[in-house]
Each structure stands twice: as C-alpha cells, then as structure tokens.
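Novice: So the protein sequences, as listed, match chains F and S. Per this note's numbering, residue 453 is the first one in the first sequence, and the count goes up by one each step. Per this note's numbering, residue 156 is the first one in the second sequence, and the count goes up by one each step.
The hints are simulated quantities; they were obtained by calculation from the structure and are not laboratory data. Bear in mind that the values here come from a model prediction, so they are computed numbers and not experimental data. Please note that a few of the clues may not be correct.
Said to hold, decoys possible - Partial list, computed: chain S residues near chain F (C-beta under 10 Å):
| # | residue |
| --- | --- |
| 1 | Arg751 |
| 2 | Lys769 |
| 3 | Lys770 |
| 4 | Glu772 |
| 5 | Gly773 |
| 6 | Cys775 |
| 7 | Asp776 |
| 8 | Phe777 |
| 9 | Arg801 |
| 10 | Cys803 |
| 11 | Tyr804 |
| 12 | Thr806 |
Stated by the list, open to error - Here are the simulated lysine-lysine pairs, DSS-like style, with alpha carbons at most 30 Å apart:
| # | chain 1 | residue 1 | chain 2 | residue 2 |
| --- | --- | --- | --- | --- |
| 13 | F | Lys749 | S | Lys828 |
| 14 | S | Lys622 | S | Lys468 |
| 15 | S | Lys811 | S | Lys328 |
| 16 | F | Lys749 | S | Lys767 |
| 17 | F | Lys663 | S | Lys770 |
| 18 | S | Lys811 | F | Lys663 |
| 19 | S | Lys823 | S | Lys767 |
| 20 | F | Lys749 | S | Lys770 |
| 21 | S | Lys523 | S | Lys512 |
| 22 | F | Lys749 | S | Lys769 |
| 23 | F | Lys663 | S | Lys815 |
| 24 | S | Lys828 | S | Lys815 |
| 25 | F | Lys749 | S | Lys741 |
In this text, a Cβ means the ideal position worked out from N, Cα and C, and glycines have one as well.
Residues per chain are reported as follows:
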Amino acid sequence: MKKRLDRVVDQVKRVVIGKEPALRMSLCCLIAKGHLLIEDLPGMGKTTLARTLAKVLGMDVRRIQFTSDLLPADILGCSIFDKQSQQFVFRPGPIFGQMVLADEINRAPPKTQSALLEAMEEGQASIDGTTYAMPHPFFVIATQNPHHLVGTYPLPESQLDRFLIRIDLGFPDRETEREMLTGVNRRDLINDLEPAMSPADLSAMQEEAAKVHVSQALTNYLLDLVNHSRCMADGGSGLSPRAGMFLCRASQAWAFMEGREMVMPEDVQAVFPGVAIHRLRSGTVASGMAMVEQILKAVPVP
Amino acid sequence: MKISGPFHKPAESISRGLVYWPIASLAYASVPFIFHLSWRGSLFICLLILWRVYLEFRRLNLPSSWITAPLVIPFLAILLAEHHTIFGEEAGTLFLIGLLSIRLLELHTVRDYMITCITCYFLVVVSLLFAQGIIMSVYLFTAILLVTVSLIHLHMGSNLRASFRPALRLGMKIVVPALPLALFAFVFFPRFQGKLTLEYHSIKIGVQDSLEAGNIAQMKKDNRLAFRVEFANDQCPVSGELYWRCFVLNTTDGWRWWNGSKNRQMTGFKERPGLKYTQNITLTPQVQRWMVALDYPITIPTGALMCEGQILKNNLYGASKRQYTVVSQPEQRPQDLSPETQRRCLMLPRTLSPLVKRLVGRWKTKQKPPEALATEALRFFRDHQFIYTLDPEPVEGQDALVDFLFRQRAGFCEHYATAFAILMRTAGVPARIVTGYMGGEYNPYGRFYAIRQDHAHAWCEIWIQNKGWVRMDPTAVLAVKNPTPKALLHAAQQGMSVEGQASSLPSPRPSLWRQPAWWTKLSRAPRLWWELAEIQWNRWVVGYDRHSQEKLFKHLGMTQFRWLAVLAAALGGTAVSGALAAAWLKRQGKKADHLRRSYETFCSNLAAAGVKRKKWEGPCDFTRRAALAFPLQAEQIRRIGLQYTRLCYGTSPTEKALVKELTARIKKLGIPKAPVN
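In isolation and in its complexed conformation, chain F is listed as follows (with noise of 0.2 Å):
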C-alpha cells in the first residue's frame, strides 16, 4: 500500500514541484474521505494540483468554474423535456463526478454554494424531488481565494466545517519556480501522466485507514486538543465535535499513510493545522495559525 503510496506522490511531484506537505495533506484527506479546501491567491497552482491527482488516481474529474452568477441547477444538473419520448429527462450535472474540482468557491453566491455543499455532507443531490446519489469515490477539492479579495462571497464556519483539511500552497522557492520557467508546460505533463491507482484501489485504502488502532491514551489527547480550543479566550466557540470526529480520521489517514498500525500523538499533531485552522480563525491565516500552534504546545502529549 506503502509503496503504491509513493508512486502516487512521485506521480504528482513531476508536475506540482516543491509542495511535498500539501500534497500529502491532500492525500490524507483522500484517503480520510473527507473534501478538499485549497486557499491561496490566483496562480498559484491550485488547479494543477487538483487536476494533476485526479489523473494519477484515476478518478474522472469534473471541473466547475465558480461565477458569481452560477446557479444551483449549473451544478446539479436539471430536467430537460425530450420531445422523442415526451418526457421530462433528467440531466446530470458536473457535479456528479469522482472528482469534482470547485473552482474559486467563494466567487459563487451562497445560495449556489450550499448546492456544493449539501451534495458534500450528504453524499447525495434532491433535484425535482428525487434523490440521486453521487458516485463513489466522491472527493470534492474546493479553491478558494483569500477573503479580502474583491468579489467573493466568505463561506460561514458552517460550511467551512464540512472540508475536512485546508491547505494553502504558498509562493514556491527560486529554484522551483526557475524550473517551471524553464520546463516543460505543466499542462502539458498532466496530459501524459499515467493513472498510478484505481478507484478501487481508493476505497481499498481508505477501508485500511479506518481501521487503523486509536488507543485510549490518543483519544485522551485528542480530547484534550479539542477541549482546550474550546477553553481558549479567543477561540471563538472553538473546535466542534464534527471537527473531533475528522480529527480523529484525519489522524488514522495519516498513520495509514505513516505505513503504522496505529495512530501516535506526531500524526495528530500533522494533520491538526490542517483541520483546525480554518475552523478556528476569526480573521486571517496567520491568527489561525498561531492559536493551533499555541493549543498544540499547551496540550501534553499522554
């Protein structure tokens, strides 16, 4: 599993060059089945790396390109009457892929954005009355711009809660960015990307993770983190129990991914900026950041 692992980062690591920990953090999201949010400013390789794992895993990916004026049934899709059969036909919309790529979520309105969302949380769509479910896998990877940026819609922690992990990829190093100065086109390279796993494969794994062993003294820990993020004097109301829950996940991807059997305080604390920042901050990263720096250094480790 390990090593198939591995190909899969090698894969990816052709085309999105230096961003290691965000692609693993992403993967761990994979495999925790939880969604995607990637937050950064335009261009700075979102896409790509959305794109980019949805080849290597093999995964059909739909793309949806968030507008302000973007309405629910552009994303779910709607019924359309066939003149032939005389009949009203339902017409999926791109939602209904493996991999569902939201680009720029926050530029939509929020009505369009809780269709994203509910389809996230429920793993199902009601159009016109009748549920359909969406396919399986189903990962939904979300970009999003910063908020101060103009003509965006902020998600509310509401929804902000339902994405498991939140990375931000950040400006690459020199070197990295001479390379993609000089190399190949990027989009060139995802074309010719070979799928290093299936589906399959996917679940496959993600039933593994699950299984991976949470001892008594990890969920002390775990408890402990989220009780303090709670006690903290600005935290807001602090970590949810939904947040407990993709926490604990989180963490068991991680092991998974770690190749262990169970579950150690260094994987919770890997995963934990990851799933506790954009639950936590009440303004911008940097605060996010330094609360979940300031809960993991007040927590003992059992």
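Fit chain S to the given chain F structure using the hints.
Specialist: Relative to the frame of chain F, chain S by itself:
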C-alpha cells in the same frame, strides 16, 4: 470512578433530585440543636425543610426572594422571644440553622449547594460545643460522612440510585483515613487551658445551696450522673448509710431554707477507732462548685474547706476540683453547737400556725428527751397515712405547712424534712436540714457507686446533748411496717430507702413513665456497662486536658519542652504534611500507571543528560531527537520508544510483563552520555 469537577461552573443550576442531599445534610447536621430549640422554632425549621422537599418532589419552581426573604422575620421573632439575643453560641447557632433552612428555598445553583454543604460541616463542628459524649462522636462521624457524600454526589452527577454506593465508598475512603490523623492531632496537638477551651455548655447540675418547694422534685426527674465514688479497699458501707452530705441549712422563713450563718471553718478532726470509709470521688464536669462526702467527713481534701455542719466547700475560685479523696467515719457526728447556731436552729417562722403549736404541745406534756419527741413526730407521719409522692398538689405560702401536715399529707423528702425540722424546733429541739444525696447504684463492672441526680435527698439533723447532731430522716419512716417507737427511730437514723420502694407506696396519681419491672431488670447490665463506658470516655477523652497531655508527654520521655515550641512544631507539621499531601496528590494524578511512570523516568533520565522532552512532544519525535543526540545509545533509545508507543498507543493490551520489560530496559539505559567530540 471519574469525577468531573463542576468547580468552574458555580452558576450552573443543579440537576433535579440532587437537592435532597444538601437538605438531608442540613437536617442531619441540625439534629443536636433541635433539643436546644423550642417546639416553635423546630416546627418552623421542619416546615421549611418539608416545603423544600415538596417543591422538589412535585418539580415546582422555587419561590421568589420576595417570599423567602420575609421568612427571616418570624424566625427571628421566635428566637428573640426565647433567647433575647441572636448572638452567643446557642442563639447564634440556631439563627444560622434558621437562615440555612430559609436558604434551602433559594438553592438553585452548584454554588448554593456547595455553600450549604460547607456550612453543614461548620454546624457539625459547632455541635461539639453542646455535647461531647460517645454518641455525639459517632454522630459526628456519620454527619461528616453524610455531608462528604453529598458533596461527592454534586460532583458525580445526578443519577442517584446508580451513584449512591460508589459515592458512599468514596466518602468512606475520604473520611476513614482521616480518623487516625484526627486521633493523633487530638492527642498531640497543644491544648490551652483558659479562654480557648470549650465551655461545658450543659446546664449545671447538682444540689442547690437553698431548699425551696420543688427543688428536689425537679432533680428527681433527672437521671444524669452527679458523681461517682470508689471506695478504697472495696470497703463499702451498707446502703442505709449512704448519706452524701452537701449543704447544711439552718435558717428558714417558713418554706424556704438556707444557710444563714457565716461560714466558719472547722479543723482538727482526728481519726477515731471504728468504721472508716475512704472515698475517691469524681464529680461529673457539669456539677456546680461544691463537694460531696459520706456522713461524716473527717479529712479535708486539698483545695477544700471544712465548714460548719461538717460539710466540704471548694475554696478555689474559678477552677472547680473534680476529683478528690476524702475519709468519712459514720460515728463522728458533728459536735459543734455555738450559741449562734443554737439560736438559728431554734428559730421558727414568724407565721407559724397555732395548729402546729397545739400539735406539738400535745406531745410535750411531760419533759421528754429529744429522742422521744422525735419519735412522736415520726409516729405522727407514720400513723396518719402520709403518702410519698413526687408530684403532690402544689402547696405554697404561709399555710403550706399546715396544709401538708393536716390536709394533704402527701409529699416527698423535702416536705417531710422541713415539716419535721419545724416540728422539732417548735418542741424546742435544735434542728436543721441537710441536703445532698442518698443511696447510689453499685456498678459491679467498674466497682464504683454511681450517684445520679435522682438520688438527691433532704433530711434532718437534731441536736441531742452528749450525742451531737443526730441524723433523722423522716421520709424513711413511711415504709416502716411495724411502727414501734424503736423501729421508727432506727429507720429514721439508718435510712431505709423509701425512694427505692417508692413504687410500692400508695401514690395519689399514677405515673405514666414508670418502666415495667422486667424491663428494669433486663436493661440493668447493659445500662451499667454503658455507664462505665461513658465514665471512661469522660475521663479519658473529654477530660483530656493540658494537664493530662503534659503527663503523657512526660511519660513519653519529653521532659524538657515548651508549649510554644510544641505549638510551633504542630503548626509547622500540619503545614508540611498538608504541602506533602498536596504534592503527593498532584503526582498521583499525573502518574496514571506503571507505564506512564517508567516513561517519565525515561524522559527525566534523558532530561538529565541534556535532552528535555517538551510536554507536547510525541514519543516518536522525542526518541528520534534523543537518538540523534546520543548516537551511542541510539538503538536502545529507539527500541524503548518503539516499545512504549506500542504499549501506549498500540492495539495489544498493556500487559504487565511487557511493561516490566520496558521498565527494565529503561533502567538499563540509565542516564545516557553525550558523545565527546
């Protein structure tokens, strides 16, 4: 059992059903005080408590403070009407109980609950001011346990039925280990005599130095122990000789008697051949400042004076002496008759009725000796069917004597003694009244006589030339079967215990409270044992004062000590042991189990070597870092880390053997050495 502390949420309201605990605590803690409160106050408190229970039971809302606050007024009124103050130990405590009961109606939050419980602790301690018996100590223990269990319940949650047993067990775990500590503190903590000691609060008991109608009747209904006597060499007098004299009263105004003459000290008694009783007398702490002795004392204990009438008086002001030895000889009758005493002992009340004079005049037809006159008087009592009763119809005022002698002809020792003394005086024989105790119950288990308040008695002494003051107990003749003059005189002098036979005497009003004979018989042995236990308790526990403590310290070899040093040591010891206990508890909380402990050893060893684990650092990160720092022991450290993580976070249950192995490995590693560059 995990207890989550609600300490940080004092304002949170407590769950339903939990309220019964503080209510029960308060009710139980106030039990000893109920006896000090009138029925009105008790009823008030009971109603408040019942009200609160009802509200809880019916799940009703608590009344607003507009209703509860004015409740203070009626309680205050009751208290002021009875005690005239709200300060002082008794009134103050009752006031506190009242306020607490009212406060129950405002008991909403965790904070209120805790305040109630902690005040209950205070109440329990305060009850020691009122009683210090054996039962009291048992009560004290149970009360503290109950309050502790209440507090535990608060912290455990609301599932009452499920949590009672564990709460009780935990409460026991908390309270029982405190017992030896309390015992140690009791024995060794410095004691201070004087203002810091407890005032014995109980109502003073004992014979009063004057005799008034009903004095003794009241004492007769009180069966508390007055004093106890051990006879040296087990040489006990016969029961008829057990007259314990206390006061001699020689002046009267008709119905009230007191000692009118100045206290003249008497000395120079010599032991004469004949019967001799050496008594070790221990007065109960509550008795008033007098000393008792068998008829007639001839030695004077230290700190006592012998006064006219051969009675003992305590001459120490302030410190009453409780234990003394006195020697008595029944043949050594008082021989003193000063002119002043003679005058007083012949004085008649101004309002003496001519009927009495006429009665005595009939006996005095010839010049009779005093004994013959006394016999006449005794025969008068015996022949006219006088009745012994503890509650005669109240007779008062000037005609009281006439009423008693000619109409009612019922009464008890007090009536007979006064009537007899006046009759004798009318006949020209000097007579006086002696008050004290008669009889006593022998306790074969402790080999002592217990003399209770209901042994109180009053009798007469008449002056007979060449004999001195001769005891005449007119009450005794009531039981004489065959009233010959000789038998009457003998009975009066040797005291047949009428009181003991009171139940067999005719009584105008049957008493309801008298116990059946079989019960008296059956309960005798347990009662005597209990009495012995109580006496020992009073002697060793209640009576453990600074003096006894000093003695104990000397016995233990601490001859050179200063009280200030002992106090400093005690306080210091308390502080140090408290700090140690706190540190231990803190450590205990941290050290969950062996595994944790050995891992902590590992960490502290590495810290000593220079690699300190940050508290948030996981075991993998830490061992990796440590392995890098100590390349020589890297393998060992890594293995320890691996094993620990497996045990702590792995799937396999933590087995003792594995933990032991890890501990051994950690021990073997010791403090690693950094490589020398």
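Novice: Go through the numbered hints given earlier and state which of them the structure violates, listing their numbers in rising order.
Specialist: Result: no hint breaks.
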